[in-house]
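Quick mapping for you: the protein sequence lines, in order, are chains A and B. First residue of the first sequence? That's 1 in our numbering, and the numbers climb one at a time after it. First residue of the second sequence? That's 1 in our numbering, and the numbers climb one at a time after it.
Relax, there's no trap hidden among the hints.
Where chain A lies over chain B, by a calculated footprint (3+ residues, C-beta under 8 Å):
no., region
1, 14-24
2, 77-86
3, 90-97
With the Cβ distance kept under 8 Å, some of the chain B side facing chain A (calculated, not the full set):
no., residue
4, HIS5
5, SER8
6, SER258
Hints were generated in silico from the structure; no laboratory data involved. The beta carbon of each residue, even a glycine, is placed where N, CA and C say it ideally should be.
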Amino acid sequence: MTAIEVSGLRKSYRGHEAVRGIDLTVARGEVFALLGPNGAGKTTTTEILEGHRRRDGGDVRVLGEDPGTAGSAWRARLGIVLQNTDDAADLTVAEMVRHIGGLYPDPRPADEVIELVGLTDKRDTRIRQLSGGQRRRVDVALGIVGRPELLFLDEPTTGFDPEARHRFWDLIKALAAEGTTILLTTHYLDEAETLADRLAVIAAGRIVAEGTPATLGGPETRTVSWDGHTERVTDPTELIRKLVAEDADLSTLTVTRPSLEDTYLRLIGANR
Amino acid sequence: MTITHGISRGRVEILQFRRDRTAVVFTFAFPALLLLLFGTIFGDSYDQPGVSASHVFSASMIAYGILSTAFVTMGAGLAMDREDGTLKRLHGTPITSTSYVLGKLILVLALSVAEVVVLIAVGVLVFGMSLPDASHWLTFLWLFLLSVVACSLLGMAVSTIVRHARTAGAILNVPVVALQFISGVFIYPPTELPHWLNAVASIFPVKWMAQGFRYVFLPDGMKVNEVAGQWELGRTALVLGAWCVVGLVLCLVTFRWSERDR
Numbered sequence: 001m002t003a004i005e006v007s008g009l010r011k012s013y014r015g016h017e018a019v020r021g022i023d024l025t026v027a028r029g030e031v032f033a034l035l036g037p038n039g040a041g042k043t044t045t046t047e048i049l050e051g052h053r054r055r056d057g058g059d060v061r062v063l064g065e066d067p068g069t070a071g072s073a074w075r076a077r078l079g080i081v082l083q084n085t086d087d088a089a090d091l092t093v094a095e096m097v098r099h100i101g102g103l104y105p106d107p108r109p110a111d112e113v114i115e116l117v118g119l120t121d122k123r124d125t126r127i128r129q130l131s132g133g134q135r136r137r138v139d140v141a142l143g144i145v146g147r148p149e150l151l152f153l154d155e156p157t158t159g160f161d162p163e164a165r166h167r168f169w170d171l172i173k174a175l176a177a178e179g180t181t182i183l184l185t186t187h188y189l190d191e192a193e194t195l196a197d198r199l200a201v202i203a204a205g206r207i208v209a210e211g212t213p214a215t216l217g218g219p220e221t222r223t224v225s226w227d228g229h230t231e232r233v234t235d236p237t238e239l240i241r242k243l244v245a246e247d248a249d250l251s252t253l254t255v256t257r258p259s260l261e262d263t264y265l266r267l268i269g270a271n272r
Numbered sequence: 001m002t003i004t005h006g007i008s009r010g011r012v013e014i015l016q017f018r019r020d021r022t023a024v025v026f027t028f029a030f031p032a033l034l035l036l037l038f039g040t041i042f043g044d045s046y047d048q049p050g051v052s053a054s055h056v057f058s059a060s061m062i063a064y065g066i067l068s069t070a071f072v073t074m075g076a077g078l079a080m081d082r083e084d085g086t087l088k089r090l091h092g093t094p095i096t097s098t099s100y101v102l103g104k105l106i107l108v109l110a111l112s113v114a115e116v117v118v119l120i121a122v123g124v125l126v127f128g129m130s131l132p133d134a135s136h137w138l139t140f141l142w143l144f145l146l147s148v149v150a151c152s153l154l155g156m157a158v159s160t161i162v163r164h165a166r167t168a169g170a171i172l173n174v175p176v177v178a179l180q181f182i183s184g185v186f187i188y189p190p191t192e193l194p195h196w197l198n199a200v201a202s203i204f205p206v207k208w209m210a211q212g213f214r215y216v217f218l219p220d221g222m223k224v225n226e227v228a229g230q231w232e233l234g235r236t237a238l239v240l241g242a243w244c245v246v247g248l249v250l251c252l253v254t255f256r257w258s259e260r261d262r
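Input sequences plus hints: build the corresponding full structure.
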């Protein structure tokens with residue numbers, strides 16, 4: 001069963017093609033991360049999937065429906081954490097969580113959600129008075145209060161301090177363990193590596209690579225170094241067998257898998 | 001569901017409005033201040049015994065009060081909700097646009113009731129205007145409701161041409177101020193104005209609102225100062241009703257949850 005199915009998605013703003021034919025499949029229960037630099041088309045793609053933006057072309061199915069036409073019952077199954085909102089500044093955390101929760105058929109109790117995002121001591125503080133990171137945690141609380149089947153997180157940890165970020169990761173892992181499907185956009189690679197089952201890299205409106213955090217960028221990218229030589233190969237075993245047969249000096253032999261960051265930078269660099 | 005969500009929005013809207021002190025002070029104090037100024041400065045008297053200019057202003061200014069709470073608050077509020085992400089946030093939840101609008105109408109209705117109470121209190125306590133009898137209050141009720149609904153819907157419709165929330169107040173106040181000059185609110189009797197201005201004013205709701213409130217609070221003999229020499233209650237209901245329909249249609253056509261794609 002798939003949660004999200006996208007094929008050939010296109011979107012332009014005044015002649016500028018922001019999304020140029022994206023294909024994407026996210027299974028139920030999966031945590032999927034979209035990585036990419038600013039302006040790559042991550043937010044546009046996410047907002048089309050959320051039903052916030054119209055698409056110019058392509059087929060999109062989210063929880064079995066077309067987000068362009070889906071209604072209230074469909075939205076009740078989603079949770080959305082947007083970027084850059086500044087609403088409800090004069091309400092307290094608890095008032096806003098309770099209010100938004102009340103719009104869903106089966107919400108989590110407000111205090112439980114506030115506890116989950118670590119804002120219990122701020123529950124009666126007006127949202128206006130929160131720091132940027134705390135404000136972001138309110139957004140997360142509002143995204144999960146309706147017990148979503150599918151949760152969209154658009155750069156959720158921007159402005160978090162390290163401790164808050166780790167707490168947030170634990171929360172996302174817990175939601176994923178309960179079976180929530182999660183689509184995450186981020187430009188923090190450690191975040192994608194920690195949370196995502198699978199990920200895709202977007203650059204200039206296209207998906208340039210897709211895989212698990214370990215296999216992204218393909219298997220060819222193992223680097224074998226020995227005795228002053230360096231070679232990038234798909235099958236390091238074969239190379240090493242050959243080197244042994246040739247009686248090469250292997251006292252300095254290393255085989256390295258590129259880090260996600262190396263792979264990412266290579267992919268982005270190649271697609272600028 | 002639509003109704004419960006609408007009421008829930010209405011509660012939150014009122015709560016947020018109450019906590020924004022500047023909005024509270026300006027929305028309520030400004031029309032009352034104008035009424036105090038106009039009522040004190042202009043001392044004209046009319047052929048009717050016991051009626052002074054301050055009574056006329058007290059009645060007409062109710063139209064202004066409703067314009068400022070319904071038209072301006074609604075229009076600026078919607079522009080603000082579009083800009084600060086309120087609309088986007090809500091559109092990600094199961095709420096329907098009808099519930100959202102219902103919430104705004106509840107806010108506007110509450111504000112308008114409070115505003116009108118303040119203005120009538122100034123009229124009665126400061127200027128000694130007398131309160132009307134029950135049948136006039138009945139007219140007041142339908143006139144008030146039609147005025148609030150028409151102004152709110154038109155405010156929503158106009159807000160779609162407002163690009164930035166910070167300019168909303170300025171833009172929305174242009175028709176508000178202009179219409180008050182030609183509709184017998186600031187300049188009375190309206191027969192002092194050129195004919196064609198009277199004709200223009202009679203297209204818009206403000207003239208009918210002000211004239212209706214004058215019917216409610218002034219002695220019957222004051223009707224000679226109106227353009228038609230009559231209170232024209234039936235026509236008032238028709239014009240305001242028509243504007244409600246126009247406003248509703250405009251809202252249905254123009255309402256959108258998100259900003260236009262850049």
